[in-house]
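Enquirer: Residue numbers (this note's numbering), protein chains in the order written: chain A, 13 to 220; chain B, 13 to 220; chain C, 13 to 220; chain D, 13 to 220.
Treat the hints with care, as some may be off.
All copies of an identical chain are treated as equivalent in the list; a pair is satisfied when it fits inside any one copy or across any two copies.
Claimed, not checked - List time: in silico BS3-like cross-link candidates among lysine-lysine, alpha-carbon distance up to 30 angstroms:
1) Lys114 <-> Lys31
2) Lys46 <-> Lys68
3) Lys29 <-> Lys114
4) Lys46 <-> Lys17
5) Lys31 <-> Lys46
6) Lys123 <-> Lys47
7) Lys68 <-> Lys17
8) Lys114 <-> Lys17
9) Lys31 <-> Lys123
10) Lys29 <-> Lys123
11) Lys17 <-> Lys47
12) Lys47 <-> Lys29
Hints in this document: simulated from the structure, not taken from any laboratory.
Protein chains: 4
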Amino acid sequence: MDDYKRRGYGEINIGMKGKVGIVVVDFQLAFTQKKYPLGGAPLVMRALENTSRLMKVARAHQAPTACCFTAYKSERDAPHWKITAVCEQFRVDHPSSVLDPKIFDERYDLKVRKTGPSIFFQTPVVPYFIKEGVETVVITGCNTSGCIRASVIDSFQWGFRTIVPEDCVGDIEEGPHHDNLRDVGRRYADITNSDEVVHFIETGAVAS
Amino acid sequence: MDDYKRRGYGEINIGMKGKVGIVVVDFQLAFTQKKYPLGGAPLVMRALENTSRLMKVARAHQAPTACCFTAYKSERDAPHWKITAVCEQFRVDHPSSVLDPKIFDERYDLKVRKTGPSIFFQTPVVPYFIKEGVETVVITGCNTSGCIRASVIDSFQWGFRTIVPEDCVGDIEEGPHHDNLRDVGRRYADITNSDEVVHFIETGAVAS
Amino acid sequence: MDDYKRRGYGEINIGMKGKVGIVVVDFQLAFTQKKYPLGGAPLVMRALENTSRLMKVARAHQAPTACCFTAYKSERDAPHWKITAVCEQFRVDHPSSVLDPKIFDERYDLKVRKTGPSIFFQTPVVPYFIKEGVETVVITGCNTSGCIRASVIDSFQWGFRTIVPEDCVGDIEEGPHHDNLRDVGRRYADITNSDEVVHFIETGAVAS
Amino acid sequence: MDDYKRRGYGEINIGMKGKVGIVVVDFQLAFTQKKYPLGGAPLVMRALENTSRLMKVARAHQAPTACCFTAYKSERDAPHWKITAVCEQFRVDHPSSVLDPKIFDERYDLKVRKTGPSIFFQTPVVPYFIKEGVETVVITGCNTSGCIRASVIDSFQWGFRTIVPEDCVGDIEEGPHHDNLRDVGRRYADITNSDEVVHFIETGAVAS
């Protein structure tokens, strides 16, 4: 038993309840196409498929959904990133800033541009979810050790029940993927899978 | 070489520049005294000592400083924490919510109550730093894999140069401590030490 | 007919619905006691009485409530106020920063310190209301042309149904009081009275 | 002498200092073209001309600038507006959501979509201004009694020196225009004119 567990971390389960909102973080081509420096990692491609399936169910049940991409007008309005490709290519008019059509349906989903790691940071997603009466937020997208981690923290601190289906989030390597699920799973969020979330949306009940 | 490095993560250094603001995260007795369930981890006690020294220098140079603690009136106004001790003991009137006198000087430091993991989340610290013209934010406190991680993300996304002196942040175990410094150090923040920060504050120049 | 009305301002009614949260803005002694420079205006004293009555009903029905005061540690952490008394006396340890016992029950109400005009600005009130599932926010306190105006705007932009019982908000003079109710009543909020709000809380139905 | 003045409102001048950032609020065609329900008010057209001149100076001096428009994907993601035209026409793909070319230069200005009255509410403008080291914010656009009022409050509460050039903000009627300048001018902002702001930007000194 690790020392976090011994001290009572992760003892409480959160659970899904009430209206579900889904956020899809940074499934823009920069991350889903191999030709870009940060793109095409296997865990990310797996998450893209599973999120695509989840989004179809969410739309069929009228759940509020938001898909974001990260992009800037210039280096002036970007924060102090340490990643070369973000500084050079994450531009509003760059082809890699387009949302992957596998997860984005422009007729239904709210599209937001974000400038920080969290999809909730200075975007209209929290006000949208308040107006809709969302109680449970499901986080999907990439990368687990970057923008997913940040989005989970924000969802939690804004007061939502926060759920991470493990097969809907991806990363460049397995290590940081699991390290971050471990950290948030003992503090802020339930780690589950897409089947459980689909079942809850379809039946309003947690799978058992 | 790992796959993050190969893709250009961590290639850019941020650097300290301009006015420095210091934040001290959650050095309340709940984390610094052994008698409490989450308290007294060796890495945390080491960070407490180093932060104490750093704060004395910061105050002598009139740098803006903010120390926060996490506490709630009741379970109603607390987010969905998964940690038993936080749910039961993190109360505004609980003795473990008092800031450790080793790092807090009530004559000088701004004290803020926070309710999420990040010291910047819905607190007056960002407005204070804007008014003061802060450009570089130094993050200290605990735990690296919890509230430090969250505070680093927020400092970065608000547009500050973000610096983490490794010996001023602590955690319950070494693993998550280093995992999180690795994640933020390749994306959002420079990982350095208290000597470098002290030197910069005293001379306005980065140590070389 | 004025030109706003002709262009369609105020054509839509919002209505109360769902769970109600109540905020009480700045009923600290600085505004409710005559001996202080900004204190004791007749409209404010009237609002204090009506809010006191409303809060008793809210507590009896377990509605989430939040009472704020405005205060700073020093001039450094205060924004650029143009009002002398705010700059000199609005301090965390000043006797005029105490909440008026007529509206504040420390056993029940969430007390928050705020630093801007809006009770929602960088405070934990929005996260509290999200966790509670609040749909309708009722705004009380003072002054209508200052912190009430700011709080109404924020409640609206965060996505809540926003209700202002006119007899629960006060100001120094009648002119600015009514000017501001006019501005927000045609855009962001329903202007009603404490009887209507009490009736809705007690019956879950809008009075007719 | 009114009772606000007697109590010390407006006694302190803020002044322009340091780096200037300019925000242009809602000069989208919905407000600048007569054919739309909310468009073409004389005070707004005057403000458009003066802002156009101010923006040319700002760009020539490399000042950070941000122009916003208000628009939604659907009624679901819009807050509870009471104005029919906003509910029906303020859509991301509606021709009236285009920024007026008189004030917007897409090669230079940061364009942001906002969803609340304030240009700072859940948009990347504050992080941009922090990264740029902005100390003084100049507010232009429309309407004085709506989105200008909200933006002034936010600029103030975020800690910036807030300046409103009266001839760069407009409204549908003169009454609410002046009422709101009165309210904010005694609390949060200096009311000045475009010549003073131009002079400060060009010389770094306040005109005397």
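Enquirer: Work down the list of hints and note, for each, if the structure agrees.
Expert: Evaluation of the provided hints:
In this homomeric assembly, lysine 114 and lysine 31 come within 30 angstroms of each other (Cα to Cα) only inside a single copy, at 24 angstroms, whereas the closest approach across copies is 37 angstroms. Taking CA atoms no more than 30 angstroms apart as the test, lysine 46 paired with lysine 68 passes inside one copy only; the shortest distance there is 25 angstroms, against 42 angstroms between copies. For a Cα distance limit of 30 angstroms, the shortest separation of lysine 29 from lysine 114 inside one copy, 27 angstroms, qualifies, whereas the shortest one across copies, 37 angstroms, does not. When the C-alpha separation of lysine 46 and lysine 17 is checked against a cutoff of 30 angstroms, the pair qualifies only between copies, where the shortest distance is 16 angstroms, while the shortest distance within a copy is 39 angstroms.
In the homo-oligomer, the alpha carbons of lysine 31 and lysine 46 never lie at most 30 angstroms apart, since the shortest distance is 36 angstroms inside one protomer and 41 angstroms across protomers. In the homo-oligomer, the alpha carbons of lysine 123 and lysine 47 lie at most 30 angstroms apart both inside one protomer (24 angstroms) and across protomers (29 angstroms), since each shortest distance falls under that limit. For the homomeric pair lysine 68 and lysine 17, neither the shortest alpha-carbon distance inside one copy (37 angstroms) nor that between copies (35 angstroms) is at most 30 angstroms. For the identical chains of this complex, lysine 114 and lysine 17 are inter-copy neighbours only, at 28 angstroms across copies versus 39 angstroms inside a copy, given an alpha-carbon limit of 30 angstroms.
In the homo-oligomer, the alpha carbons of lysine 31 and lysine 123 lie at most 30 angstroms apart both inside one protomer (20 angstroms) and across protomers (29 angstroms), since each shortest distance falls under that limit. In this assembly of identical chains, the alpha carbons of lysine 29 and lysine 123 lie at most 30 angstroms apart whether taken from the same copy (25 angstroms) or from different copies (28 angstroms). Proximity of lysine 17 to lysine 47 under the C-alpha cut-off of 30 angstroms is restricted to the inter-copy arrangement: shortest distance 17 angstroms between copies versus 42 angstroms within a copy. Within a single copy, lysine 47 and lysine 29 get their C-alpha atoms no closer than 40 angstroms, and across copies no closer than 36 angstroms, so neither meets the 30 angstroms cut-off.
Checked against the numbered hints given earlier, the structure breaks hints 5, 7, 12 and satisfies all the rest.
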